[in-house]
Amino acid sequence: MIFWEIAKRNTKIHLLRSFLAMLGIVIGVVAISTMGILGNSMVLAVTDSLHTVGDSVIVTPHTGGTSRGFGGGGGGLTSLKITDQQLQQIKRASAPNVAIPVLQTSDRMKFGVGQNEIVAPIYGINPDDVPDLLKLTDGGYSRAGSGALIGSQFAKDNNLKVGSRISIGTDGDKGTLRVTGIIEERGMAFDVSTDSAIVVTKDWFDSTYNRDDYDKVVVKVKNLDDLPIITAAIEKQLNKRDKVVDVMDTRKTMATIFQAFGQITTFVSAIGGISMIVAGVSILNIMMMSVTERIKEIGIMRSIGAQRREVMSMFIYEALILGIVGSAIGGVLSLLGGYAVSSLMLQTTKYLLVPSSLVSIVYGVSFGIIVALVCGFYPAWRAANLSPIDALRHE
Amino acid sequence: MTDPASDQPVMSFRDVVKVYPLPAGDVTALDHVTFQVDRGEFISIMGPSGSGKSTLLNLMGCLDTATSGDIYISGTRTGDMSDRDLTNLRRDRIGFIFQYFNLFPLLNIIENVTFPMMLKSQRSVDPERGREVLRAVALDDSLFTHTPMELSGGQQQRVAVARALINDPDILLCDEPTGNLDSKTGAGIMDLMTELNRKGTTIIMVTHDQHIADYSHRTIRIADGRIVE
Chain A
4 MIFWEIAKRN
14 TKIHLLRSFL
24 AMLGIVIGVV
34 AISTMGILGN
44 SMVLAVTDSL
54 HTVGDSVIVT
64 PHTGGTSRGF
74 GGGGGGLTSL
84 KITDQQLQQI
94 KRASAPNVAI
104 PVLQTSDRMK
114 FGVGQNEIVA
124 PIYGINPDDV
134 PDLLKLTDGG
144 YSRAGSGALI
154 GSQFAKDNNL
164 KVGSRISIGT
174 DGDKGTLRVT
184 GIIEERGMAF
194 DVSTDSAIVV
204 TKDWFDSTYN
214 RDDYDKVVVK
224 VKNLDDLPII
234 TAAIEKQLNK
244 RDKVVDVMDT
254 RKTMATIFQA
264 FGQITTFVSA
274 IGGISMIVAG
284 VSILNIMMMS
294 VTERIKEIGI
304 MRSIGAQRRE
314 VMSMFIYEAL
324 ILGIVGSAIG
334 GVLSLLGGYA
344 VSSLMLQTTK
354 YLLVPSSLVS
364 IVYGVSFGII
374 VALVCGFYPA
384 WRAANLSPID
394 ALRHE
Chain B
2 MTDPASDQPV
12 MSFRDVVKVY
22 PLPAGDVTAL
32 DHVTFQVDRG
42 EFISIMGPSG
52 SGKSTLLNLM
62 GCLDTATSGD
72 IYISGTRTGD
82 MSDRDLTNLR
92 RDRIGFIFQY
102 FNLFPLLNII
112 ENVTFPMMLK
122 SQRSVDPERG
132 REVLRAVALD
142 DSLFTHTPME
152 LSGGQQQRVA
162 VARALINDPD
172 ILLCDEPTGN
182 LDSKTGAGIM
192 DLMTELNRKG
202 TTIIMVTHDQ
212 HIADYSHRTI
222 RIADGRIVE
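Sequence order for the protein chains is A and B.
Counting in the working numbering, the final residue of the first sequence is number 398, and the numbers go up one at a time with none missing.
Counting in the working numbering, the final residue of the second sequence is number 230, and the numbers go up one at a time with none missing.
Rather than coming from a laboratory, the hints here were simulated on the basis of the structure.
Some hints here could point you the wrong way.
Label-pair restraints from in silico Cβ distances [as the list claims (entries may be wrong)]: (1) B:M150 to A:M4: 20 to 30 Å; (2) B:D183 to A:L339: 54 to 64 Å; (3) A:N288 to B:M150: 19 to 29 Å; (4) B:M150 to A:V335: 28 to 38 Å.
C-beta atoms are modelled at their ideal positions from N, C-alpha and C, and glycine is treated no differently.
One chain only, chain A, in its complex shape (with noise of 0.2 Å):
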């Protein structure tokens, strides 16, 4: 159609003018999708540093609301460990499913004649209970008090593998355990830590640590919908009077953390938007400059029988051509953007190219054309509706 043809040549012949409006298309549909890249990478590599699931309830000693620091203080109404009576009172309260009592420490270890002492997380676990906590790439499950499981990271960083040997305390005073299987990597978890960890038996921890009493209790729940019906009986039974212990639903928890990221991702992406409104004024601008430019044109072609859609249609071609072209070169360019944020920001790239990322660029792309519309909407609805008359008077 000759509109078009018209509307692409004028785009080409004012080369430069093009090029300034379709910089601040590219601009803003860079922001918006690498920002949209960058949260979304963000949800990704939390979700995937989080081992938790989201299957269970965490049980821990309540700590906060007073002036009594982390591991300080004492007295008062409250805790900081949970005792086996409370332990009895969560079994009761989440039956039939597992509650795993977890003792936890970090002390000194070393691996070998020569070798220097490191500090590394220490949990205490029945036996019975690991297999429901945690898995296993490579040896098995130990009941015997001198075998440890190691996490995956501690095992690589040390150079460990299973019957390595492993001295707890200073110079060994704690006693010597023997590597008995590597624990699966689980990143980041609410409930247990263990690639940089080692697990014991609780009866070695116990009696190692003089210990009677635990560090938290992770309930293990198999109908999901169970949730938070659980952790509303162990808050009854537990915080009747006075708060002693703190519940923590991890399905709800991550759902609240998901919830922030996905605020964030909208909050960055939105900043991102502000850039895609100076480009659609500039539009708007180099196209109310552009029919001021045409008046005259206007006036001969609807003196000779351009209706007035037809002469709208030519503006919004122009602006769609710039829209088009420049969020174009925006998505592409997005790719690149996230690329480098990703590199700069998580130091990995490998969620750039996953589905729920690229739809930034998608969402970009679609929004940067859709402001060049609207933006080239006004122009064309002016250049259409002048009087042919008045515009065949323009010099």
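Please arrange chain B on chain A, whose structure you already have, making use of the hints.
Chain B in isolation, oriented as in the chain A frame:
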């Protein structure tokens, strides 16, 4: 729209008044103007500046509407027509020739000439028809793919005439068609007009050059919004 009948006046003004409402008071540009143009006539309209020539041309070209009175183009009353219908009437029945040629700089000569045809057919057209009309106005074939800026004033005006003729209009409306040309080139354009009229094209031409008006068969003189002769 009615079909043009050969015995019907191609244009008819009946008691037409055009008043421009201005803040300082209404200005009557045309005051009870009545005339008619028969098919095949060659008419010139003359008058001093501010006499109402341009207003008359705008009304004849359906670019404006009368305050009162009736205007008929090929038997069709234009007063009650919508903007869409008036635009179609301009496209199908009227050919415009302007003083400053007014070709589209982004289109080449063939595209300029076939532009009204494309408006009418709503699709791309056979450029051969454009070539035929351009040859009829004596434009060299080698210029057909050039842009207007590459042509002389006389050549551009020939292209403008070809564009005005492309949809076989009932009337050719010319606004000072030689006003921007030297006398020799202007004479060439007027010879072309005369030839077109001889072949049956109705021409109405606004001019203030008596020498140019002499090419026409009848002159309507206008002063203070009234036809005086």
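Comparing the hints with the structure gives:
The given range of 20 to 30 Å is respected by M150 of chain B and M4 of chain A, whose C-beta atoms sit roughly 24 Å from each other. Look at D183 of chain B against L339 of chain A: about 59 Å separates their beta carbons, and that is inside 54 to 64 Å. Distance hint check: the CB atoms of N288 of chain A and M150 of chain B are about 27 Å apart, consistent with the given range 19 to 29 Å. Distance hint for M150 of chain B and V335 of chain A: a CB-CB separation of about 36 Å, consistent with the stated range 28 to 38 Å.
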